[in-house]
Amino acid sequence: MNKYLLIPLVLFMGLVGFLLVGLYRDPHELPSPLINKAAPEFRLPVLKEPARILTPKEMRGKVWLLNFWGTWCIACRDEHPRLLEYARANLIPIYGADYKYVNDKTDEREAAIQFLAENGDPYTLTIYDADGRASIDYGVYGAPESFLIDKNGVIRFKQIGPITDDVWNKQILPLARQLNQ
Amino acid sequence: MNVNVRLTTWLVIICVLLIGSVSAFAKEAQPNEDPQIEQRMKHLTEQLRCMVCQNETLADSRASLAEDLRIQIREQIKAGKTDQEIIAYLTARYGDYVLYNPPVKAKTYLLWFGPFILLVAGTVVLYRYVRIRRDKIHEAPLTADERKRAEEILREA
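Chains A and B, in that order, give the protein sequences. Quick note on numbering: this note's numbering labels position 39 of the first sequence as 39, and the sequence is numbered without any gaps. When you read off a place in the second sequence, starting at 1, and then add 1000, the result is the number in this note's numbering.
The following block holds chain A by itself, in its conformation from the complex (with noise of 0.2 Å):
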C-alpha cells in the first residue's frame, strides 16, 4: 500500500486529537491578565459597618482569598458551605466582595446581611461594591470569583467559579503556604 495514503488519516486522528483535548476544557475558564499584577484598588465600605471603608492597602502583610460573590449568584450558594468550612480551619483570613449590577435595583445590602445571618458568615470582613466597579477592575465575569492575594498585594491565583475541595486542597492552600513562609 502506498505509505503517502496515511498521511491524511494521520491528519485526520491528529484534529480528533484536538478536538478530543477541547472537549474536557471548561471554554469559560480563561487565563485572567491580572496573575501576578497588582491587585486594582478599591475604597468600598464595609457591608455591616457602611460607615467603615476597606482598601487592599490595609492587607499588605497578609496572605488573603477575595471571594467575589452576590446573593443573586446562584454558583455562590454552591460554594457557601465549603467557604464556611475553609474559614473554620482558619488557614487563610477570607475576604467578601459582595456586589451587584447597575441595573440591578434591589437592596443586596440587605439580602447579603441577611443572607449571612441565616447560612453562617466565613468572611472576616465584606465589603459592598453596589456598582459592580470593583468587580469590573477585577476582570470578574463568572461569580463566584476568588483572587489569592500575597503580602505584598500581588494577585498570585485566580479561581473562576465556585472553588471546590480539589482546588483549596490541591491549589490555594499550598500555594498560601509556600507564600505565607
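Read the hints as simulated data drawn from the structure, not as lab findings. Heads up, some of the hints might be wrong.
[Unchecked claim] With a straight-line cut-off of 16 Å between C-alpha atoms, the simulated EDC-like cross-links for lysine to aspartate or glutamate are:
no. : chain 1 : residue 1 : chain 2 : residue 2
1   : B       : Lys1042   : B       : Asp1096
2   : A       : Lys105    : B       : Asp1068
3   : A       : Lys105    : B       : Glu1067
Start from chain A and add chain B according to the hints.
Just chain B now, kept in the frame of chain A:
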C-alpha cells in the same frame, strides 16, 4: 388546490405583517444620548466579546455585565478616551479574549499564519502530485491503424 393557494397567500401576508411589527418593536430604545457617542460605542462594542456569553458581542449581549460595561464605555467616550484606551482598559481586565480581532503576537502566530502555511503546503503537495501524475502517463500517439478504426467508430455514432 385553489383553497390551498389562497390559504398560503394569506399565511404569507400574515407572516410579513408579523415580521414587520416585531422588527418595529425590536429597535432598541435609544436613551437620550448623543447619537455620535452611541454610534462610536456601537462600532467599538461590535468588535468586543461578551465574557459571559462568549459567542455574543458586547453590543448585542443582554448580560448584566455587558450592560455595565456599555455604561462604562459610554462614560469613557464622554471623558474623551480614545478607542485604543478603552480597548486597553478592557484587555487589562479580561485579556485578549475580549477582542474578536486578536492581536498579532508570538502566542497567536499559529492562529494568524497557520492557514497560510497550510495553503503553501497544500499548493506544494498539489504541484508535486500533478507532476508525478503527468510523468506516469505516457503519451502514446495512435498508430495509423488505430486512427482509422477510431474514425470509423466516430462515423458510426
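Worksheet item: Given the proposed pairing of Lys105(A) with Asp1068(B), does the C-alpha separation stay at or below 16 Å?
Response: 13 Å, holds
Worksheet item: Are the Cα atoms of Lys105(A) and Glu1067(B) separated by 16 Å or less?
Response: The given pair, whose Cα atoms are some 14 Å apart, holds under the 16 Å limit.
Worksheet item: Is Lys1042(B) within 16 Å of Asp1096(B), Cα to Cα?
Response: 19 Å, violated
In summary, the one numbered hint that this structure violates is 1.
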